[in-house]
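Enquirer: The lines below spell out each chain.
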Amino acid sequence: MRLQEFQAKRLLADYGLPIPRGAVALTADEAEAVARDLGASPIAVKAQILAGERLAAGGVRMAHGPAMARAAAAAMLGQRIVTPQTGDEGEVARRVYVEEGVAIDRQIYLALLVDVDGTLVVFGSPKGGDGVEELKRRGEFSAERLPLSVSHPPAGEAVSAFIAALGLEGRAADEAARLLDGLRRAFVELDASMIEINPLAVTTGGDLKALDVKMTIDDAALFRQPDIAALRDGGEGDRVKLSAHRDQLNFVQLDGDIGLVSNGAGLGLATLDMVRAAGGRPANFMDIRTTAKSLDIAHGFALLLDNPKLRTLLINVHGGGMQSCDTIAEGLGVALRRSGRKLPIVVRLAGLNADLGRYRLANFGCDVIEAANMGEAAKRAVSVAAGRA
Amino acid sequence: MAILLDHETRIIVQGMTGWAGTHHTIQMIEYGTKVVGGVRPGKGGRSHLDLPMFDSVADAKAATGANASIVFVPPANAAAAMLEAIEAELPLIVTVTERVPALDMVRVREALRGSRTRLVGANSQGVLAPGICKLGVMATGSERPGTVGIVSRSASLTSEVVAQVTAAGLGQSTTVGVGGDAVHGMMMRECLELFLADPGTEGIVLIGEIGGAEEQEVADYVTSAKPSKAIAALIVGMHAPRERRMGHAGALTLGDVGDAKAKVAALEKAGVRVAPSAHLVGATIADALSN
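In order, the protein sequences belong to chains A and B. Under UniProt numbering, think of the first position of the first sequence as 1, with each following residue one higher. Under UniProt numbering, think of the first position of the second sequence as 1, with each following residue one higher.
The hints are simulated quantities; they were obtained by calculation from the structure and are not laboratory data. What you are looking at is a predicted structure, and each value in this text was computed from that prediction instead of being measured. Ideal Cβ placement from N, Cα and C applies to all residues, glycine included. Any given hint could turn out to be false.
[Unchecked claim] Heads up, simulated EDC-like pairs for lysine to aspartate or glutamate below, C-alpha to C-alpha not over 20 Å straight-line:
# : chain 1 : residue 1 : chain 2 : residue 2
1 : A       : Lys214    : A       : Asp14
2 : A       : Lys293    : B       : Glu30
3 : A       : Lys214    : A       : Asp174
4 : A       : Lys293    : A       : Glu370
5 : A       : Lys293    : A       : Asp257
6 : A       : Lys136    : B       : Asp259
7 : A       : Lys209    : A       : Asp255
8 : A       : Lys209    : A       : Asp105
9 : B       : Lys261    : A       : Glu140
[What the hints assert, rightly or not] Sample of chain B residues with no beta-carbon within 10 Å of chain A, all distances over it, derived:
#  : residue
10 : Met1
11 : Ser47
12 : Pro75
13 : Arg109
14 : Ala213
15 : Tyr221
16 : Ala240
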């Protein structure tokens, strides 16, 4: 679960993260009022979207005085902000965050995350700021790395060396040491999977201020983070994704015309690859969890069948373990009957109860095209979608 | 011959009394696996499926001589169950539980360092040595005793590849699911090393996917160790939607490390035969073994 900037700042301020004064505004009137209360100049008005690189996209504007802050908020609220991270469709700004401007001397980059080797680490670079995302895309961003433990603080010397490598000294270095300790505790206690502070500004007065914060919470740990789970407002991702989560499925909508159904993420990804390799365009990625029952599965198929672009379904299932082919066939039959749609269905069933699965599909009156193996199934689905059957 | 398992593997089941624990314990016993007891705090002294129940792993190990455990404990308490088994110095743990919080797994990995335990999973289908022992929840029926070792991040693809390897006239020495979650115990490279050291394994199939850096780690290892055994691989996720791609972590540490195409390139450069499509893995390892 990704948090908005203002949510992350609020959570991390409790752990000692130094942040500029500011408040959220839902309307231009509110933005003007916040700016007046802050009494500062300049003032930053920031679109609350999950994607980064807002500045160049007009999603962060500097204002001098409440009237300008109002105009800046009006220009963003309800608008689609398109940044390199949003895709062409952009992301609608439903809130702005209005905060006092900071006189910046230098910009630091900091990120805590669970690294690919399964350790908690903090990365830092003395060259933070706007250019980092472009460097990351080009694979040219290099950062200092300090391994951390979830159960005890790191050794003092290691922390000092890390902070020195960021070019911090004196009071800023002391502040950074406290900040790192707070961030490590926040990461563990809040079940974060990523906290990125970019930039962490060194002000002209020699203080640290976190100007932008990105934070992701581990979805698997939300059960023990009820306050954070309550921040979910349905705005993150679309309706389809949220609904899929409840139904024990991982469902991602794509823009093609071949609906894909597989059990397990690996087989799902393999099916997607084979359809694309055969020249087809998948309508979705769906991974049915092993604990899903046939009614959960029927809900998942309903999401799929809602899509008017759909021309065929490709069912590629290898039954086994906790999930058998007939459970999935039954879910599909129920969903098809409810939706009233008639679609040609290319089916490759193997493993546990494959025969029973085929029998179920036939009983539901589905228009089934059988394929002997996965490769053939993908090719058939592509030709069916192209109207060649 | 197999890795990790043999005829002397004696298993306790943590979380045996739940639905999944009960169901899969029955399946393992039917396969011929030596399940010697179960652990569930508060149920010590009772029995379940005609097996003795214990309050703790230490009690179970002392009473039964168990040398492996399989964990079905739900996510909230799964880490505690694994830590208990590590403290009891069980040599092998397989964790089936899905969606264990990532930081719990980081904590477990910290406990594994310097311990006597090897952990497979979490979110693993387990380890299967055909005809010898099933320590897991995987489908059975298509497997045959043989000489191909399979290490995988995906349960469903493992079932598929096992069927393909058998159809190609080969069998499996052992299949291992390292786990589908980002943070897990034994990594692919470690499993590969076990297969390379196992006289019963002649060829190895690696089933990888987007995200993480394990496949690159394998590629680096193969490049430097130059093993003589045939190695084939399947990497899925070449066309994965953005949501499944690695975000900051991969980009930050190693450039395009999580990318499927980069993994294929690294493995091919190391001399690993990468299957051109998911339905051709059996043919690819058969071909690699005949050369």
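Enquirer: Against which earlier hints does the structure fall short, listed by number upward?
Expert: Numbers 2, 3, 4, 5, 7, 12, 13, 14 and 16 - these are the hints that the structure violates, sorted from lowest upward.
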